[in-house]
Each structure stands twice: as C-alpha cells, then as structure tokens.
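Asks: Protein sequences, first through last, are from chains W and V.
For reference, each letter of the first sequence is one residue, going 11 to 296 in this note's numbering.
For reference, each letter of the second sequence is one residue, going 11 to 296 in this note's numbering.
By construction, these hints were calculated from the structure, which means they are not laboratory data.
Warning: the hint list may mix true and false statements.
Examples of chain V residues toward chain W, derived with CB under 7 Å [said to hold, decoys possible]:
{"#": "1", "residue": "I51"}
{"#": "2", "residue": "L67"}
{"#": "3", "residue": "R71"}
{"#": "4", "residue": "V154"}
{"#": "5", "residue": "E218"}
{"#": "6", "residue": "A234"}
{"#": "7", "residue": "E237"}
{"#": "8", "residue": "L241"}
{"#": "9", "residue": "E268"}
{"#": "10", "residue": "A272"}
{"#": "11", "residue": "R275"}
{"#": "12", "residue": "L278"}
{"#": "13", "residue": "A290"}
With a Cα cut of at most 30 Å, we get these calculated BS3-like pairs of lysine-lysine [stated by the list, open to error]:
{"#": "14", "chain 1": "V", "residue 1": "K137", "chain 2": "V", "residue 2": "K228"}
{"#": "15", "chain 1": "V", "residue 1": "K174", "chain 2": "W", "residue 2": "K228"}
{"#": "16", "chain 1": "W", "residue 1": "K137", "chain 2": "V", "residue 2": "K228"}
As the structure is a computational prediction, the values presented were derived from the model and not from experiment.
Every residue gets a Cβ at the ideal spot worked out from N, C-alpha and C, and that includes glycine.
There are 2 protein chains.
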Amino acid sequence: MIDRIAILGTGLLGTSAGMALRASGFRGSIVGWNRSPEQAILALQMGAFDSIASDPLEAARASQVVLLCVPIYATLDFMEKLAAVLGPDHLVTDVGSTKRVISEAADRLFNKPDRAAFLPGHPMAGKERGGACLGDANLFRGAVWLFTDDPAAQRSPQSAELVKDWRELVRAMGSKTLDLDPARHDELVAWVSHLPQFTATALSALLEEEVGAAPELKDVGGRALREMTRLGASPFSMWRDIAHTNTEAVERALAALEQRLAHLRENLRNPELRDEFEQANKFRRE
Amino acid sequence: MIDRIAILGTGLLGTSAGMALRASGFRGSIVGWNRSPEQAILALQMGAFDSIASDPLEAARASQVVLLCVPIYATLDFMEKLAAVLGPDHLVTDVGSTKRVISEAADRLFNKPDRAAFLPGHPMAGKERGGACLGDANLFRGAVWLFTDDPAAQRSPQSAELVKDWRELVRAMGSKTLDLDPARHDELVAWVSHLPQFTATALSALLEEEVGAAPELKDVGGRALREMTRLGASPFSMWRDIAHTNTEAVERALAALEQRLAHLRENLRNPELRDEFEQANKFRRE
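Assemble the whole structure, with the sequences as input and the hints as a guide.
Replies: Structure below.
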C-alpha cells in the first residue's frame with residue numbers, strides 16, 4: 011500500500027492533488043518540492059503536504075510514488091534524472107497535457123523489471139490561472155483522469171502494485187479514469203482541450219485589439235463573452251510546451267476550425283447557416 | 011407614470027421582463043401575448059403578467075408601453091402594424107439584438123409629434139436556450155441594457171415622459187443603461203456578442219463531427235469544453251435574423267478571427283505564440 015508520496019511541482023495541480031489526497035482520506039506522508047520556495051511554503055500552508063523537500067531527487071528516493079506536476083519539458087528533464095536514481099520499488103506518474111513524448115520517454119527510461127515504473131497520467135481539470143493559492147481539494151471531482159499506460163510494460167511486482175494503488179487513489183480523489191493509446195490521447199485532446207484553449211486565446215487577443223481600449227464595452231458582452239474568453243487568461247508558460255509537443259494535431263484542429271468559420275461566414279444569409287446551428291445543437295443535446 | 015404594459019412575445023426575454031418588473035416593485039397591469047397560446051399560459055403561470063391578450067394590437071392600444079420580445083423580423087412586422095393603431099400617448103420599445111434596421115424603421119414610423127414613440131433597446135442578457143419555462147426575474151440584474159435612441163426624435167410630451175419612465179423601470183430591473191449610435195451598436199455587438207456566438211456554433215458543429223459519435227469523450231473536455239460550446243445550443247430561429255440584419259459586421263469579425271487563428275497555427279513553435287498569449291491575457295486582466 012502507498013504511504014509515502016512526493017509531489018514535485020506545487021502549482022495549481024500539485025497543490026490540489028495534495029489537498030485532494032488528504033481530503034480523500036490518504037493518511038501517509040506527502041512531501042512537496044517547488045523550484046520557488048515561496049510557492050512551496052504557500053502549498054504547505056494550504057495543506058497540500060506535511061513537509062517541504064530541499065532536494066527533489068532525494069525526496070523522490072525516499073518516497074514510493076513521485077507525482078510530477080510541472081510543465082511537459084520539465085517533466086521530461088525530471089524523468090531522465092529520476093530514472094537514474096530510482097529502482098523497481100518506485101512509481102513515477104505525471105499530469106502533463108500531452109502524452110506521446112512522455113510515453114516514449116517512459117518506454118525508454120522506465121517500465122522494465124529492474125527499473126522504476128512510470129504511469130503517464132493527465133487529469134482533465136484545471137483553471138485558467140495557476141499557482142498554489144488557487145489549490146482546490148475538489149479540483150478533480152467529476153473530472154476524467156486519463157492514463158496512457160503501456161500494456162507491454164514489464165514491471166517489477168512491487169511497482170505493478172503501486173500502479174494499481176495509484177489508480178485507486180485517483181478514483182478516491184473523485185475522478186473517473188480512462189485509458190487511451192498515447193497517440194490517440196494527443197489527437198483527442200487536440201480537439202476537446204487544445205482547440206478550445208487556442209480559440210479562446212485568439213478570440214481574446216482579437217477582442218483586446220478591437221475593444222480593449224474601452225473597458226466599459228467588455229461589460230456589454232455579459233456572461234457569453236466572459237465564458238468564451240475565460241481561457242484567454244491561461245499562461246503561455248504552460249501552453250508553450252503543449253504547442254511544441256502536439257503541434258501537428260493542433261495545426262489540424264485549428265485549420266479545420268478556420269474552414270468551419272469561413273463556411274459559416276460565407277453562408278450568413280443562406281440555408282447552410284441552419285445546418286450549422288443544427289449540427290452545433292446536436293453537440294449540446296442533453 | 012407607467013401603469014399599463016403589454017409584452018408581445020413571451021419567450022425567455024418577455025417572460026423574464028414581466029417577472030423582473032414585478033420583482034422590482036412595478037404595481038401596474040401587465041398583459042402578455044404570444045403566437046403560441048401554450049407559451050403564453052406558461053408565462054402567466056411563471057408570474058410574468060396578470061392576463062393573456064388574444065389580440066396583440068388591441069392589447070397594445072389599451073397599454074401605455076408595448077415591449078416587443080420577438081425576433082427581429084417579427085419586430086419589424088409589429089412596428090408597421092403598431093404605428094397604424096397607436097398614438098402620441100404610447101411608447102413602443104424592443105429587445106432585438108441588432109438595432110440599425112429597427113432604428114431606421116422607428117425613424118420612419120414613430121417618433122413624430124402625432125405618432126407613438128419608439129425607443130430601440132437591447133438588454134445584453136440571455137441564455138443558450140429559450141422559452142417561457144426558463145424565465146428568470148434576475149436575468150437583467152448586472153447586465154447592460156443598451157439603447158439606440160434618436161436624439162432628433164420629435165416626440166409628444168406624453169410619450170417623451172414614457173421614454174424617461176421606461177428607462178427608470180429598466181434600471182429598477184437591475185440593468186445599467188448605455189446609449190449608443192445604432193451603427194456603432196451593431197458594430198460593437200458583432201465583436202462582443204455575435205462573434206462569440208458564431209465561434210461557439212462553428213466549434214460545436216466541428217466537434218460534433220469529430221467526437222460526437224463517442225459521447226464519453228465529451229466528458230474528457232471538462233469545464234473548458236462545456237463553456238466554449240455552451241452557446242452551441244443557441245437556436246437558429248433567433249440567430250438567423252441577427253445574421254441577416256448585421257451581415258457585414260459579422261463577416262468582418264469572423265474573417266478577423268480566421269486570420270488570427272491562422273496566425274496562431276503558423277506560429278505554434280515560434281516566439282509569436284507568446285505575444286498572442288500575452289495579448290489575450292491583457293483582455294482578461296482583472
């Protein structure tokens with residue numbers, strides 16, 4: 011049974027995971043580390059863990075499960091370092107928004123009988139702003155926590171057990187779990203997550219140019235405008251890694267939306283407009 | 011002082027207006043009419059008015075203020091008919107989402123000393139689904155209720171007084187009021203209201219094609235996807251008239267978004283991506 015967890019990265023997701031583990035009844039130890047000591051202290055004060063580690067690799071070695079809650083390229087860096095210091099009684103898992111590059115690194119560096127296990131994970135939960143101060147024990151409740159596990163992984167019995175136990179902890183935090191192939195994962199999230207984000211970014215950037223100088227006009231838009239631009243507040247620091255590691259799938263999704271908008275624009279006075287509304291209504295049928 | 015109001019059209023907005031007038035303390039009579047008697051009865055049961063009219067023109071003549079809560083072309087039809095039967099002791103106002111064509115009709119048909127007054131109005135409030143059953147006394151609370159009044163209107167003293175009193179009732183329902191030129195109104199709402207709607211429609215229609223056959227995958231997107239596609243449920247019946255009466259402004263806004271998305275797509279791995287996120291962040295600065 012898991013009773014020692016290290017959380018590396020204590021932004022919104024890392025802090026929320028610690029708080030959610032506690033709220034779900036996890037009684038073991040949780041140690042946290044963050045590049046910025048101030049953020050680590052804040053997460054500690056939010057109740058995300060019991061103690062702060064000064065050395066992330068040391069904290070990982072002392073734990074059974076290492077939860078990486080850092081951007082994708084930082085996750086890949088940690089994977090290289092952790093593979094060298096952990097063994098078959100360890101499990102490393104992550105929360106990165108693209109999974110193909112992470113799964114490839116996991117196949118290369120982990121998931122062999124004499125190595126630590128790696129379980130690629132992706133909770134479909136977040137907020138448009140980051141930081142420990144927004145940590146939320148209920149962030150994962152009702153969300154889907156995706157995994158792209160490798161069925162061919164040859165794991166030690168200890169680490170295979172840890173994988174099973176971690177999946178149970180995820181469900182205890184209130185998430186449904188779903189397993190996908192890594193390539194299929196990246197293609198799917200390009201449509202249902204990355205496309206909505208980049209659309210909100212483009213729409214917000216455009217509206218800033220058009221009406222940004224007149225803040226009173228933003229109020230005019232009301233709830234619809236607020237919702238359609240909420241994700242405009244999302245940080246580049248996180249989305250850069252997503253854009254870099256899922257470029258082709260995001261390009262395809264954006265090009266498809268451009269075409270769809272052009273089709274709608276060309277048919278504002280034609281019967282085809284009805285078809286578009288009816289197709290959209292179908293997506294939102296109860 | 012206004013003490014006899016007729017609401018013609020008892021969908022979401024008409025029903026909500028009646029309920030909001032009552033909740034704000036309006037003690038006069040409110041009569042409602044709807045093309046569908048079932049919807050009128052529902053609105054009556056929701057407390058939107060005291061009685062149902064069988065003849066809308068008769069109800070209008072017996073009232074001081076006529077609130078038109080029907081789609082834009084139906085509003086224009088009513089304007090023709092009402093101008094013929096109402097006089098200088100009447101005010102007609104509306105809630106239509108585009109104002110240029112309605113303001114032109116008002117100049118032609120109303121707002122002369124021997125005619126009824128017309129005050130073009132547009133509350134920036136709504137829901138993605140319509141109908142009396144969604145009526146909400148708080149729908150207009152905190153919203154902006156736009157007017158595109160004509161400063162050159164030559165109104166009878168009685169109807170000028172009704173215009174002043176109606177603006178007070180709108181504020182009593184909880185809305186801020188803002189006056190715009192009709193052409194500026196249509197240009198502004200193309201950006202802050204129509205563009206978000208048509209973007210949500212295109213995104214929802216596209217996603218229905220890509221992942222609609224696998225409903226479990228919609229859950230994966232979580233809150234961000236739900237928000238970005240909520241307006242996908244909006245009815246064509248209402249948006250057709252908007253597309254027809256604000257075509258050029260909506261075309262410009264859609265073409266600008268297509269360009270912005272293409273720019274973002276071409277720069278997923280370039281520093282320009284940071285600029286887009288920073289520009290979007292500005293729109294959402296607190």
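Asks: Does each hint fit the structure? Answer for all of them.
Replies: How the hints compare with the structure:
no.	hint	verdict
1	I51	24 Å, violated
2	L67	30 Å, violated
3	R71	34 Å, violated
4	V154	5 Å, holds
5	E218	4 Å, holds
6	A234	5 Å, holds
7	E237	4 Å, holds
8	L241	6 Å, holds
9	E268	5 Å, holds
10	A272	6 Å, holds
11	R275	4 Å, holds
12	L278	4 Å, holds
13	A290	4 Å, holds
14	V:K137 x V:K228	21 Å, holds
15	V:K174 x W:K228	26 Å, holds
16	W:K137 x V:K228	18 Å, holds
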